[in-house]
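There are 2 protein chains.
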Amino acid sequence: MISEFYQFYLAAMNDFSEQIAALSPSEAMNSEQRSQPTRENQIKAEKISTEQRILQYFKPEEIQRGTFTQPDISLDALAQQFKRSELPTYPITVDDYYRQLFQEVLPYAIDTGSPTYIGHMTSALPDFLHDMSKLISKLNQNLVKIETSKSLLFLEREAIAMLHRLVYNFSEEFYTENIQQKNRNLGIVTTGGTTANISALLCARNAGLLSKENSTELLKESLYKVLSKKGYEDMVIIGSRLMHYSLNKAASILGLGTDNIIFVDNNSEGKLNCKQLEEKIQECQENRLFILALIGIAGTTETGQIDPLWKLGEIAEKYNIHFHVDGSWGVPTIFSDKHKGKLKGIEKADSVTICGHKQLYLPQGISICLFKDPQLLNYAATTARYQAQQDTYDLGRFTIEGSRSALSLCLHGALHIIGKKGYEMLIEQGIYQAQYFARKIDKLKSFELILEPTLNIVNYRYIPDYLRDKLRKKMLTNAEIERLNQINQEIQQEQFEQGKTFVSKTILFDPKYSKKIIVFRTVLSNPNTTATDLDNVLEDQLRIVDKIQRTKGG
Amino acid sequence: MISEFYQFYLAAMNDFSEQIAALSPSEAMNSEQRSQPTRENQIKAEKISTEQRILQYFKPEEIQRGTFTQPDISLDALAQQFKRSELPTYPITVDDYYRQLFQEVLPYAIDTGSPTYIGHMTSALPDFLHDMSKLISKLNQNLVKIETSKSLLFLEREAIAMLHRLVYNFSEEFYTENIQQKNRNLGIVTTGGTTANISALLCARNAGLLSKENSTELLKESLYKVLSKKGYEDMVIIGSRLMHYSLNKAASILGLGTDNIIFVDNNSEGKLNCKQLEEKIQECQENRLFILALIGIAGTTETGQIDPLWKLGEIAEKYNIHFHVDGSWGVPTIFSDKHKGKLKGIEKADSVTICGHKQLYLPQGISICLFKDPQLLNYAATTARYQAQQDTYDLGRFTIEGSRSALSLCLHGALHIIGKKGYEMLIEQGIYQAQYFARKIDKLKSFELILEPTLNIVNYRYIPDYLRDKLRKKMLTNAEIERLNQINQEIQQEQFEQGKTFVSKTILFDPKYSKKIIVFRTVLSNPNTTATDLDNVLEDQLRIVDKIQRTKGG
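Just so you know, the protein sequences line up as chains A and B, in that order.
Residues 104 to 657, numbered by our numbering, are exactly what the first sequence covers, in order.
Residues 104 to 657, numbered by our numbering, are exactly what the second sequence covers, in order.
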């Protein structure tokens, strides 16, 4: 499967004959060469065996092709099936519960591993994690403190250190000193990207406002008073217009209004406009606004684009602002030697969010916030009498979450069982899929590719026959733009309801018309997805267009 | 086992001959009576079969008695075993990973299900949940939105409704109308009690400051400006001195300083002083402080005490303040007909936090925040373009967390497979254990019971021979109080390191001396714990005292 997309990529690029050879099993397995193993052949063989092994984890059973959910009921009608509010007095048996579950509930769940369910960031998982999830449940450790987790807490810190090193690549000595040091944290495990982002902003807020000497004193007062004592009028965060809405949540929780989030526009090449950014920073400083953080995005949720992190890092340094990179989606790109250059400058970030349940292929509920400075998190610590005590190994004083499972065992396990090379293969595979899909969309006249994919997210939309010419000539009327939005929304909704193939939808800003446009959004991260699957998604959409037109016609 | 503690309880109370009969299997199983089933006998039989079945879930394999962790290495030395920061380049096999895990890691984890590990709120789980955890991992649903979870999202809302009904007991019509209604939420599932508490405070903050008409307008500005526009000087929360530290975290995140948390003292009976509470509320209002919420605790983490919820509710109503009950530990007491009276008034709460991974016996990572008014959460909603869209079933706009697993399947499952009667049995069992343990401590001269347990948490401390008299006469010097703290801390630490039995420690305020005292804290929620286990915990502590004295002597 790797080779399918890779070969397509090569054919398209017409320029990678060496790599194609390296990827061909027949060559590496050539017995003559094997009898005289060279380092080069050894690496080839290792690469192939890595790929085969990793892909095997994603194919525990026969892959279901057909439907990703039982389609024979509308959402509203399905909702009506779940309206019992009375608790059963006497227990029912486990078997009876499962019988109900398998009959009434699970057919109407989503097969997120389906190769044609490519609309969201929730996809196939390697099967070894399921037994690990069971083990975690059995162990029932609580990572809030050492007395309820012990070795699993140290294991978690080891996994965090591996990710820290991947991003920041400090010296061996640095890691030896900090990895298990009390009151030092290379990062924390959170239950999701939103709490990771909140943790980062909390550190940024406290570190920016409190100096070490008077921090305890100032923490007695409410933030408003601290801000005013420091001579600030208000507090803002500043960053890319494509920031994830979790940053809106974070801002709201921290007491910022929507006007306190300052968005910087993209320039004509679709990259964050750094000149505008500097102007806005200067304006904030003139107006005595405390800039809590500058946010860069590494892999936006909607398009997969990456902000110019190096430049942002330089600007943050220049103005002494906390630089946070929300890399919930994109950080694992760093595993790929071919693509990691796209993240250049991430090592300048004071904090970085990574979601384990996204491109680390872990079960839901694990993200990581890394901190460049292992002492930064001390600004956001809370202690208690019976736990999270100072100068202990307890983690609860540093995390927003209190009780927390040992889900980091899955992270630690996957980092070893998939390894750098395994993740590299998965990441590159997704990007090849995206490149294939983009070319395919480009070729079909019925669709418009919205922008060239940076990573593995592809945005496009359906364009009816009669509007294609006008679109090309940039002569669409407002009513026609609206009509396009409407039909694309209808297609997406009908496609979800039919349950065969799936893309999501989002709203992007079209600078050509200064209008919001509704587009399809596909996330290509399932290694089981084939070119035929991708073709089928598009064919399915065209069938739906036909159906919609027939319905309207008749 | 039930009968062991229950019979002790009965013997101690000398007054429950009827219930003893109801609990005796021999009577209920009497064949003559069975041949003529009466409703009464049927209930008895159901109760016994419920107990037997539920206890079976907690005994999947032979219970390990001996050690709850491998003791042959100090924490600091163990930490040194986990210092690899370099990611493996090539993957290792699943078998190799498990081999390492079982050899090097798991022996040094905590057997939280051990019947003599009674120090924390993390205890034994029913075994049927482990397969469910595996299923959840396999399903890989994401509850952030309907397109990634579908039926599992409706199932979660059903489970929430069952808990809502248990606490608020509104009409069948109310539930039919609200249970699956878009933009209405009887509650939300969060990943823990802290985020549940933050969610509640966020709603309270927004609902208190924004009126429906101008909410959008005001949300544009930072909270400081809104407060000042509304004529407030500052913002506070007010509540019991025994509030969980997650409320400190919540306050800090929301921008409150430690001085903005107003603690109300307990009166001489150890109950929250309601007169003082009203005085403090009036003082806040005179000083134009916005009271974000009044917090009542149902089962404090340190002692299990319950605030006078009914009175707090009345006061909150009188002054029009959001009333939040942190019932992370104590809410499941409501399952017990015998003890639910202790929670009287909880139905007055505007929001209630319950931790599933505590007394609902679920795996780590699931709590619930209930809302009396199903529209309250709309004050804290965030929307996004590609998900969490308005007027959909999507939950991500209401929760602090974004991506979230279908762990609520365990909640739904357990509510059915354990049932009201099963939970009642588990709750009552823990309280009987606590009563037994308290009497046992009282009887042994070496220990002091700090206060009569309200629920299943018991606090006590060791008192050396030569101080017992002085303690009784309330004539301890400051140095002696300090000495007591020191020895109790040493015992607890040594006990953890030896790994045989475990209690935790906490710091309580001793009004007799106006001093902070270090005490043991036991949480009795493991149905496998026997009276002998509890006796062994105390014996183990006396052995440790001997050892400490010998070491010091020699």
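No lab work stands behind these hints, which were simulated from the structure alone.
Please note: incorrect hints may appear among the correct ones.
Given that identical chains are not distinguished, each listed pair holds provided it fits within a single copy or across any two copies.
[Said to hold, decoys possible] Computed list of lysine to aspartate or glutamate pairs in EDC-like fashion (alpha-carbon distance at most 16 Å, straight line):
id: 1; residue 1: 619; residue 2: 545
id: 2; residue 1: 445; residue 2: 636
id: 3; residue 1: 475; residue 2: 638
id: 4; residue 1: 332; residue 2: 372
id: 5; residue 1: 323; residue 2: 593
id: 6; residue 1: 150; residue 2: 555
id: 7; residue 1: 285; residue 2: 179
id: 8; residue 1: 323; residue 2: 337
id: 9; residue 1: 619; residue 2: 143
id: 10; residue 1: 603; residue 2: 280
id: 11; residue 1: 241; residue 2: 164
id: 12; residue 1: 162; residue 2: 642
id: 13; residue 1: 524; residue 2: 189
id: 14; residue 1: 548; residue 2: 638
id: 15; residue 1: 186; residue 2: 276
id: 16; residue 1: 237; residue 2: 381
id: 17; residue 1: 237; residue 2: 368
id: 18; residue 1: 378; residue 2: 613
id: 19; residue 1: 186; residue 2: 420
id: 20; residue 1: 323; residue 2: 362
Status of each hint after checking the structure:
| no. | hint | result |
| --- | --- | --- |
| 1 | 619 / 545 | neither (21 Å within a copy, 72 Å between copies) |
| 2 | 445 / 636 | neither (28 Å within a copy, 59 Å between copies) |
| 3 | 475 / 638 | neither (43 Å within a copy, 49 Å between copies) |
| 4 | 332 / 372 | neither (42 Å within a copy, 42 Å between copies) |
| 5 | 323 / 593 | neither (54 Å within a copy, 32 Å between copies) |
| 6 | 150 / 555 | neither (29 Å within a copy, 65 Å between copies) |
| 7 | 285 / 179 | between (52 Å within a copy, 10 Å between copies) |
| 8 | 323 / 337 | between (19 Å within a copy, 13 Å between copies) |
| 9 | 619 / 143 | neither (51 Å within a copy, 68 Å between copies) |
| 10 | 603 / 280 | neither (53 Å within a copy, 32 Å between copies) |
| 11 | 241 / 164 | between (25 Å within a copy, 12 Å between copies) |
| 12 | 162 / 642 | neither (25 Å within a copy, 54 Å between copies) |
| 13 | 524 / 189 | between (51 Å within a copy, 13 Å between copies) |
| 14 | 548 / 638 | within (14 Å within a copy, 80 Å between copies) |
| 15 | 186 / 276 | between (58 Å within a copy, 11 Å between copies) |
| 16 | 237 / 381 | neither (50 Å within a copy, 50 Å between copies) |
| 17 | 237 / 368 | neither (46 Å within a copy, 44 Å between copies) |
| 18 | 378 / 613 | neither (21 Å within a copy, 62 Å between copies) |
| 19 | 186 / 420 | neither (55 Å within a copy, 31 Å between copies) |
| 20 | 323 / 362 | between (27 Å within a copy, 5 Å between copies) |
Figure legend: structure checked against the earlier numbered hints; hints not met, in rising order: 1, 2, 3, 4, 5, 6, 9, 10, 12, 16, 17, 18, 19.
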